[in-house]
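Q: Protein chains in written order, with our numbering: chain A, 1 to 321; chain B, 1 to 321.
Worth flagging that the hints you see were computed from the coordinates, not collected in a lab.
Don't be surprised by glycine CBs; every beta carbon is placed ideally from N, CA and C.
Among the clues, some could well be false.
Claimed, not checked - Incomplete in silico selection of chain A near chain B, CB under 10 Å:
#	residue
1	49
2	70
3	110
4	283
5	304
6	305
Claimed, not checked - Reference excerpt, derived from the structure (chain A facing chain B, CB under 7 Å, subset only):
#	residue
7	16
8	42
9	43
10	268
11	279
12	281
13	289
14	290
15	306
16	314
Here is how the chains run, residue by residue.
There are 2 protein chains.
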Amino acid sequence: MKEKPARLVEQLISGNRRAIARAISAIENGEGGSQELLRSLFAKTGKGYRIGITGPPGAGKSTLTNKLARLYRKQGHRVGIIAVDPTSPFTGGALLGDRVRMTDVELDDGVFIRSMASRGSLGGLSKKAQEAADVLDAAGYDTILLETVGVGQSELDIAGAADTTVVVLVPESGDGIQAMKAGLMEIADFFVMNKSDRPGADQAVMFITMILGFKGSDVELSAWKPEVIKTVANDNVGIDAVAEAVERHRLHMERSDLLNRRRQERLERQVREIVDEHLHVDFWNQERSLRLREGLAELLDRRASPYDVADELIKDFRMQN
Amino acid sequence: MKEKPARLVEQLISGNRRAIARAISAIENGEGGSQELLRSLFAKTGKGYRIGITGPPGAGKSTLTNKLARLYRKQGHRVGIIAVDPTSPFTGGALLGDRVRMTDVELDDGVFIRSMASRGSLGGLSKKAQEAADVLDAAGYDTILLETVGVGQSELDIAGAADTTVVVLVPESGDGIQAMKAGLMEIADFFVMNKSDRPGADQAVMFITMILGFKGSDVELSAWKPEVIKTVANDNVGIDAVAEAVERHRLHMERSDLLNRRRQERLERQVREIVDEHLHVDFWNQERSLRLREGLAELLDRRASPYDVADELIKDFRMQN
């Protein structure tokens, strides 16, 4: 980072869009100084409400995100969008060079859209997405939408980063079953059945509702009950109902102190990640990295096992600390 | 682990199926002793050839895996299958309790099928899959098929675990583009266009070939050139061509010493993972975990940042080492 983190923080807190973009780039590229940046802006975070939007490719997550952003704008909110979905039109351009495609919401100064590429990134993307959300939060965006594709590990990670998690499905055969298998049932605060003008929508909603009822039969009456909301995001149908469900969930979370608990868990995870990263960097200095590389031939010949080599390196680390 | 690792290793090396299953379970559940187990069997690994089979849900990866296994059996190989795909019929049963569904290959004693659930597992699954492959390798399975769903991070991980990586696609609109975006182009040693009796198959193959030609224009003539093989796995069409391509790739890797290089990289990654896990466990002892939990209220109130809390804990760790 060429700029002073403190100066950048000052600028981004005052809402300077270039400073915000610069800060997120620094985080994305893991530039030196980005940790100082995050440390200094942390005090300004905690006001933005974070909504995770996840689901399988093709469910219409970005359209829903887009329409939701427009609705929140009309309600006077400042909206930040972070899209970490390789199939999203926000990020889809990454491949062709045009990192962020212009959308109608993006021309509005009260909306900040940022896409983060998952291609080639070896893990850690959800951490970076969360740090980007911290930047937007500190910059005064009170509503932050985190869009990710919900396959694999990412949907579980996004649930950790969001205050409310919305799982978007479409009435395709098997979509509900897939969602269940992928662990989406556990993380959804509610479901959106998008493209619900398609045949099979009612059955799909019924299927999810059934599973939810089945799962929920042993929880207290006061507990939150996820529901399924039908939308046709393309036609702007049901978007208000989604926003209302987010609001209901937010109120429930606040009243039951669940919001603080969820945020504490997030902060706890964040500390753990910072520590692990620090230890990793500290351990793998040039000398130990070199030693490992020198031991590879032995490993290949089965003269030593990876556990033996690891033991040796750990012993060395202990001696130097 | 109740058994002695050494005894279990002895049994599994002699081909005892129950010992193999037991060892993989110990790894999957992270039981104490499983590291000792892996350490002792390591010397017996390195003979099995590992083939990664990945691609989007619904591409027919498990059918292809199944048919390939049958072909390899006919050729006299002993075949291990590890399926870490939430959408695979091998693993799909996990949800309903019948962890592994019986398939025709499974009744054969020369085939060992193991599914590993990705649901709920917070990362580390590719590491465990690789360790399971080590068990099968040590037990004398000379051909090991690793099946994973190719969305998100998993496909990149599986490429690290395999000697040859096969990416399976179907002629659906956009499948090729998705594959490209997800980073599958980089990891595929070759492509299989499955369900190639469907309309659009030729165009889909052409599209992939075009992209491959585009990417390959700047590499040397001697370099490996990924190709696209058409199959209809359900009808056993093209399976022999897939096996031939694997063999061609294996020979290329051996001749150019790429196989050793790839395996060295795998071993290097393995050492790094062992070290990181060790450091993590060592750091997060009861005392420091408690301290972190006590600091959460401060974090929530923004009196301290996660970076400050992490700094304190790291300082403490240094003093104790």
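Q: Can you give the numbers of the hints that this structure goes against, from lowest to highest?
A: 1, 2, 3, 7, 12, 13 and 14
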